[in-house]
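Undergrad: Heads up: the sequence lines are chains A and B, in that order.
Just so we're aligned, residue 1 is where the first sequence starts under my numbering, counting upward by one.
Just so we're aligned, residue 1 is where the second sequence starts under my numbering, counting upward by one.
Hints in this document: simulated from the structure, not taken from any laboratory.
Do not rely on the hints blindly, as some may be mistaken.
If chains are identical, the list can't say which one is meant, so a pair holds when it fits in one copy or spans any two.
[Said to hold, decoys possible] The list that follows gives simulated cross-link-like pairs (lysine to aspartate or glutamate, EDC-like), each with its CA atoms no further than 20 angstroms apart:
#1 Lys241 x Glu144
#2 Lys241 x Asp283
#3 Lys241 x Asp66
Protein chains: 2
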Amino acid sequence: MSIPSETNTQVLLTSRPNGIPQAEHFQIVETAMPALESGQFLVRNEFLSVEPAMRGWVNAAANYSDPVPLGSVMRSFAAGVVVASRHPAYAEGDRVMGMLGWQTYAVSDGSTIRRKVLEHDLPLSLSLGVLGINGVTAYFALTEVGEPRPGDTVVVSTGAGSVGSAAGQIAKLMGCRTVAITGGPVKMQMCRDEFGYDVAVDYKAAGFAEALALACPDGVDVYYDNTSGPISDAVVRHINKRARIVICGTASISNWEPWPSGPRVERHLLNKAARMQGFLVWDYEHRYEEAISKLACWVRSGSLRYREEILDGMVAAPDAIAGLYRGENFGKRVIRV
Amino acid sequence: MSIPSETNTQVLLTSRPNGIPQAEHFQIVETAMPALESGQFLVRNEFLSVEPAMRGWVNAAANYSDPVPLGSVMRSFAAGVVVASRHPAYAEGDRVMGMLGWQTYAVSDGSTIRRKVLEHDLPLSLSLGVLGINGVTAYFALTEVGEPRPGDTVVVSTGAGSVGSAAGQIAKLMGCRTVAITGGPVKMQMCRDEFGYDVAVDYKAAGFAEALALACPDGVDVYYDNTSGPISDAVVRHINKRARIVICGTASISNWEPWPSGPRVERHLLNKAARMQGFLVWDYEHRYEEAISKLACWVRSGSLRYREEILDGMVAAPDAIAGLYRGENFGKRVIRV
Chain A
1 MSIPSETNTQ
11 VLLTSRPNGI
21 PQAEHFQIVE
31 TAMPALESGQ
41 FLVRNEFLSV
51 EPAMRGWVNA
61 AANYSDPVPL
71 GSVMRSFAAG
81 VVVASRHPAY
91 AEGDRVMGML
101 GWQTYAVSDG
111 STIRRKVLEH
121 DLPLSLSLGV
131 LGINGVTAYF
141 ALTEVGEPRP
151 GDTVVVSTGA
161 GSVGSAAGQI
171 AKLMGCRTVA
181 ITGGPVKMQM
191 CRDEFGYDVA
201 VDYKAAGFAE
211 ALALACPDGV
221 DVYYDNTSGP
231 ISDAVVRHIN
241 KRARIVICGT
251 ASISNWEPWP
261 SGPRVERHLL
271 NKAARMQGFL
281 VWDYEHRYEE
291 AISKLACWVR
301 SGSLRYREEI
311 LDGMVAAPDA
321 IAGLYRGENF
331 GKRVIRV
Chain B
1 MSIPSETNTQ
11 VLLTSRPNGI
21 PQAEHFQIVE
31 TAMPALESGQ
41 FLVRNEFLSV
51 EPAMRGWVNA
61 AANYSDPVPL
71 GSVMRSFAAG
81 VVVASRHPAY
91 AEGDRVMGML
101 GWQTYAVSDG
111 STIRRKVLEH
121 DLPLSLSLGV
131 LGINGVTAYF
141 ALTEVGEPRP
151 GDTVVVSTGA
161 GSVGSAAGQI
171 AKLMGCRTVA
181 ITGGPVKMQM
191 CRDEFGYDVA
201 VDYKAAGFAE
211 ALALACPDGV
221 DVYYDNTSGP
231 ISDAVVRHIN
241 KRARIVICGT
251 ASISNWEPWP
261 SGPRVERHLL
271 NKAARMQGFL
281 VWDYEHRYEE
291 AISKLACWVR
301 SGSLRYREEI
311 LDGMVAAPDA
321 IAGLYRGENF
331 GKRVIRV
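Isolated chain A, as found in the complex:
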């Protein structure tokens, strides 16, 4: 029940990017340890999350959440352990995950906590990945928006990514035929060997459109889209009657201001009575535990595999988002602090 005497290392957003945030938009600072008021507790973060959506959080354009204010700690999910508490519901030693920011220590009154991490037999870092937002996103976006049925062909863009790989494996567990779209031979093999896709297609290779057509001889029933852009345009040409396109991310578009153009989807959606629907995981907050209990069960049994890429130290943070967009990571990127 004592505040550690060291300082708090924080990563601040110091300028606002137009597009993808780069290292230059952040600054690492040392600040004094905060005092705890009644009803608060202190978390020592062990892992900080790095994810594509953070691009949207720092941009000024209207988005699904208010932009991170300049000069404040970068918003992020983090997982850690309660080290001091003046809050009745949180005790020292509790493992928690929440919107704790890119910093070593975070004060919370509970409102920033997403959940207590109860899977003590599994690594804490998983609460930021396959047992966190990534896994929960894949689970609800696929099942609630994608609505896959046994025998459906499910195509996943960024099929090797932390969300995509979970979506592909859950679709497979639901009896679907799964097709990964990914970049390069290493990720192709990972998709087939680790994540169990029936086929992997390389969007960087010549003849991508033809390879995709060959991979989907019966058309596409569910398209789990993390990219938008030309990859999606190619997939949309193959949708079946009543197909469901889940818009979960737009990783291939680096900037939405001005609004980029592409082939219009309206006629395709009309001719197939198909739908395209955006997914925000926040809408499923009340059902997190339902998803995580299933995901944890699959992880324990080995039927849901994951990759993590652990960067060491706060110094890795400023460039970490840009690195995601450079496509350099294999698996869910987290920072160990």
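Once you've looked at the hints, dock chain B against the given chain A.
TA: Just chain B, lined up with the frame of chain A:
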């Protein structure tokens, strides 16, 4: 129970348009009256339907139905009276509506009949409009895909059209605030005075985008889209969280080959967890009577108003579809034969 002795006047599709079918793509011919085999009956068509979707039926590109073969009678809905029958379920005098084609007489074995028209107190032509495909489309597309809730703002493009005007009025009956997008002052007034929209916005006028924004101060919950194109691009900028965009038609795009470009919708759908979904009325065939019984009730009570434009004689047929796309009609266009 005798075949009339006159000839059958038919409109054939004689060449295939790339885009909107014009008068030159059709030919009017006189053919011999067909003989009736057992299990068949003869319908004297009284009204032929003209609708925007017929563009898709004659084009070679893959669509939701096979293209009309060259040299055959133009596919269309028509309403008429059984004048001779060797079919146990159809008697002389029965009023029927179905896919009977642009011709004076049609032989059917029942498979081309959509329904017997039982609303004897209402004009037969309505079975091609507000009590036919148009009304049924508006009803199911709005209620099943649009899912309006009381208080929602519902925007309808081609708000004065035969589908749009029905959709707008049904939304109003469901407790929504309704906004019509239409072209020119005459249709604007029609939207407000006849079809009860709260606001009408002129897409042809300067300042359309601003007028639309003013018309939707609380954003757009349901967009019933019959146009696609720049009109839709303007509406999409105002969608609310969990908005539903119903793709019912694409009247503003004259040609989908090559695939036209426009602003990408993915990010808007994602940020708002909104959906865009195509609607094909054929998917609701088993529920036609449910819709028509409600629509007829509203028509009788005066709470669902409609406009018809009746062209006289088969000579009007060849140019009739092109005329729709020139925007010259007020109300559901039918041909009296």
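Undergrad: Against the structure, test the hints numbered earlier, and report the numbers of the ones violated in rising order.
TA: none
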